[in-house]
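Trainee: Chain residues, written in single-letter form:
There are 2 protein chains.
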Amino acid sequence: MERSLRARRPQREGRGPRRTGAIRQRAWRQPRLPYRPLEILSADQIEAIHLASLGVLETIGMKVLQAEARRLFEAAGADVDESSMVVRLDRGLVEETRKLAPSQFTLHARNPERALEVGGAFTFFSAVGGPAFACDLERGRHAGSYAELCDFLKLVQSLNVLHQEGGGPFEPLDLPEASRHLDTHYAQLTLMDKNWQPWGLGAERARDGLEMAAIAMGVAREELWRTPVFTCIINTNSPLMLDVPMAEGLIEMARHGQAVVITPFTLAGAMAPVTLAGALVQQNAEALAGIVLAQCVRPGAPVVYGAFTTNVDMRSGAPAFGTPEYVQAAQISGQLARRYGLPFRSSNVTTAHAVDAQAAYESEMALWGAITAHAHMVNHAAGWLGGGLTAGFEKLILDAELLQMMTAWLEPPAVDEASLGLEAIAEAGHGGHFFGTAHTLARYESAFYEPLLSDWDNYDNWRDRGSMDAATRANRIWKQLLAEYEQPAIDPAVDEALRDYVARRKGEIHGSSGGATA
Amino acid sequence: MERSLRARRPQREGRGPRRTGAIRQRAWRQPRLPYRPLEILSADQIEAIHLASLGVLETIGMKVLQAEARRLFEAAGADVDESSMVVRLDRGLVEETRKLAPSQFTLHARNPERALEVGGAFTFFSAVGGPAFACDLERGRHAGSYAELCDFLKLVQSLNVLHQEGGGPFEPLDLPEASRHLDTHYAQLTLMDKNWQPWGLGAERARDGLEMAAIAMGVAREELWRTPVFTCIINTNSPLMLDVPMAEGLIEMARHGQAVVITPFTLAGAMAPVTLAGALVQQNAEALAGIVLAQCVRPGAPVVYGAFTTNVDMRSGAPAFGTPEYVQAAQISGQLARRYGLPFRSSNVTTAHAVDAQAAYESEMALWGAITAHAHMVNHAAGWLGGGLTAGFEKLILDAELLQMMTAWLEPPAVDEASLGLEAIAEAGHGGHFFGTAHTLARYESAFYEPLLSDWDNYDNWRDRGSMDAATRANRIWKQLLAEYEQPAIDPAVDEALRDYVARRKGEIHGSSGGATA
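First to last, the sequence lines map onto chains A and B.
Quick note: the first sequence, position 449, residue 452 per this note's numbering, numbers continuous.
Quick note: the second sequence, position 419, residue 422 per this note's numbering, numbers continuous.
The hints are simulated quantities; they were obtained by calculation from the structure and are not laboratory data.
Keep in mind that a hint or two might mislead.
Derived SDA-like pairs: lysine to any residue, alpha-carbon spacing no greater than 25 Å straight-line [as the list claims (entries may be wrong)]:
hint	chain 1	residue 1	chain 2	residue 2
1	B	Lys157	B	Ala124
2	A	Lys482	B	Arg318
3	A	Lys66	B	Gly439
The following block holds chain A by itself, in its conformation from the complex (with noise of 0.2 Å):
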């Protein structure tokens, strides 16, 4: 019983209904790790996994599909069976190899002001990338079109607490196949003046990536090495191969000193073993070899140590998500990722469908999985749903609220003699209140975060204007954000240099003479 609750509720005098002028928001700023990571496993937990790992590299070894990269393998020295295309690596390769690696780089944005650390005390947030549907509160699920693309993109660029784009939040279906990568990137490009991510499959598509930003950044796509923009997702396929797309995109980004993200997709119980120990064995084998291949490629090659271990549903198969094995694994990968002194990459996912309760408990798993283990990059960081299938407009807004009451999280608090408070206190004396002291009144406009999504208002109140449930607030807030979208400046040159691009790619792709993008 806690009855003083109700005995003394403050109340001000009423006000109006919230967010009747422009939403507010938290300013941009790439957030910190100020407190320590959450270890779960002790030292020698984790060097028991590290040394299976390096076992498994020696003795299985990895089905590489693509011949070049077997080939920077075999240079490197590692023991290539060209029969059945496995290579083996044994532990001073590896070791030797993966240290070549930085522990902290500088990734750049079209707006220097957008530039992130990857590493080191930082973190940043992506937004969801890969997904095959759209989905919002109308329509539900549904096929996306460039149109709804652009328009997610316009939200991910005014959401200040989103540091990244995530590669595409879904497929713009109304676009052939073969060259919708280059309007997704045009749209990247010239909506948003933030980070973005590439896509990663395959070395043709690589390279329009790779030229696309160097114009974007006023560099010969020689010289983008210089100044790394690329964070590239590169997923194994587990257990233990790498496939020739992947292959060719890790050698292409590797070779121009992109970042490449080595995500192994281990599910435990279905691409990996039933244990979560098992499961991480083969995520730090997979992950630590296509580590190493980017070493190979070009020594010192930026990389972040990626990480997506969950469980499968043991009833299903399906894979699930922000369960408790998947916060353990989060956290886990990060102890391993520290051994090595590498960025961290962690996600933020959801197998619910709607933007109901179980995507916010299953999303706050995730996330402090992720920032509990001092994740680097939090990829996916807002919009996901659905197990990954499917990215939401609501879900955009929802997660942008996680991140930032975790950002505010992340802030300590300040405790000298002003925050102390002493004169407050005595000021406020027995039973008095704190309104109308000097302490408040100097500290009221920032004293404490401010939301995005959440009401705080009576249940009165709240009942009279209509009952609403976080999702429809979301709905209401990401169809605002959109009308007050400005787009961020470009030099027309560049611009223009970036539609002939667009235009002469597509011509060669389709055999006619393309096309600006829409």
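Since the structure of chain A is provided, determine the placement of chain B on it from the hints.
Mentor: Just chain B, lined up with the frame of chain A:
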């Protein structure tokens, strides 16, 4: 982009919808806290808050409205000003006296297997207590009845993840106010065999709780100190006051060797300084004053350091819950309680009025705060809605899922030869699968967390079953749990003695012969 999610999604053969049988949940078990707490302030900063709060008690002091409490303070050596009722405590007195309280104790229950350890490496979860209103999906927020209160208690009994009832989930407004605590206690004692919380407001009600608990435990009230059964929430009246009913409850409970949970409601910006450090100075001063008073009543009486600091919504002056500041306050409070070697209480709270995404994310924030702060007691751990004015049936189920997930996360994964899974990795081979490996088959049934509320089915199945959101599913679950409820056995003589006590006391209160409980 993470296209492997789409390309390599394993699916088993179809299966029927879930939950056609009885509700499955994790077994009863008091969770341990195996990981390090998350400490967000330095030891020096904690010391600064500690010293400032000792200064507050020395110079400003507590206004104590009850005469016996002032006499107890005075007898211990405090400086008491009878005209202003202000009690000033020098730091030597505070520091010596608080050390008399134990750092860990056992809390007994009618069912000996439901006893709880309070403090040390243990935590436990208590159901919501104290709200005015009940809420469910069909009726919305409404005045609760005794029949509904009994239903709520049956659910608390049924949910294994709840270790303690919270002191009555809402007011049974169909019963007379003066005696409804007797009916509530009868329900707590007969519909449940778990530990439960009493009403701590006033000496008479406190004694009724003690008498009835003693009957159920088969001991005299004067002997109840040998087997403590109560953690009784005592709220100070912030700032720096202790009122008559709370002082009476504190004294009565401590006199009987029951644990008082001293919990200042230090609402930053209203009843406490607008700075978090200042609000915590005040919380700490008030908590220490209550802890000292309990030790003056009975040296060695168990106490719990309660923390409830949160911030106001600066637009309305009303309390906000589950905020970033709330999480920080919980984590710092845990540091303070550890500095004193005292058991620590935190809570799971939200401002949301609906069981929507906001309810889930604010509760998750509060819960991660509590658990990473090493709360030994998580009060209001399930069922709290709308800033504590409402207890919700669907929220109870949502929170049970959050708590179950947390308990699964609190069980560290095994790291040994069997779990490292090298044979399984070799058996599956490159690009193989793990479904059929011996390693998987041996662990299949219990490898992963099994959800209570989450729907992990694919989109088509979820849509075909009605696109039910988590709140709708929670509604079905609590109704099924209620249908499956089995009343725990009770000695008929004990039941009769409880009924006799209630009847006698109702007669005294209402001046008639009273009557047994419905």
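Trainee: It remains to establish, for every hint, whether it holds in the given structure.
Mentor: For each hint, the structure was consulted:
no.	hint	verdict
1	B/Lys157 <-> B/Ala124	violated, 29 Å
2	A/Lys482 <-> B/Arg318	holds, 24 Å
3	A/Lys66 <-> B/Gly439	holds, 21 Å
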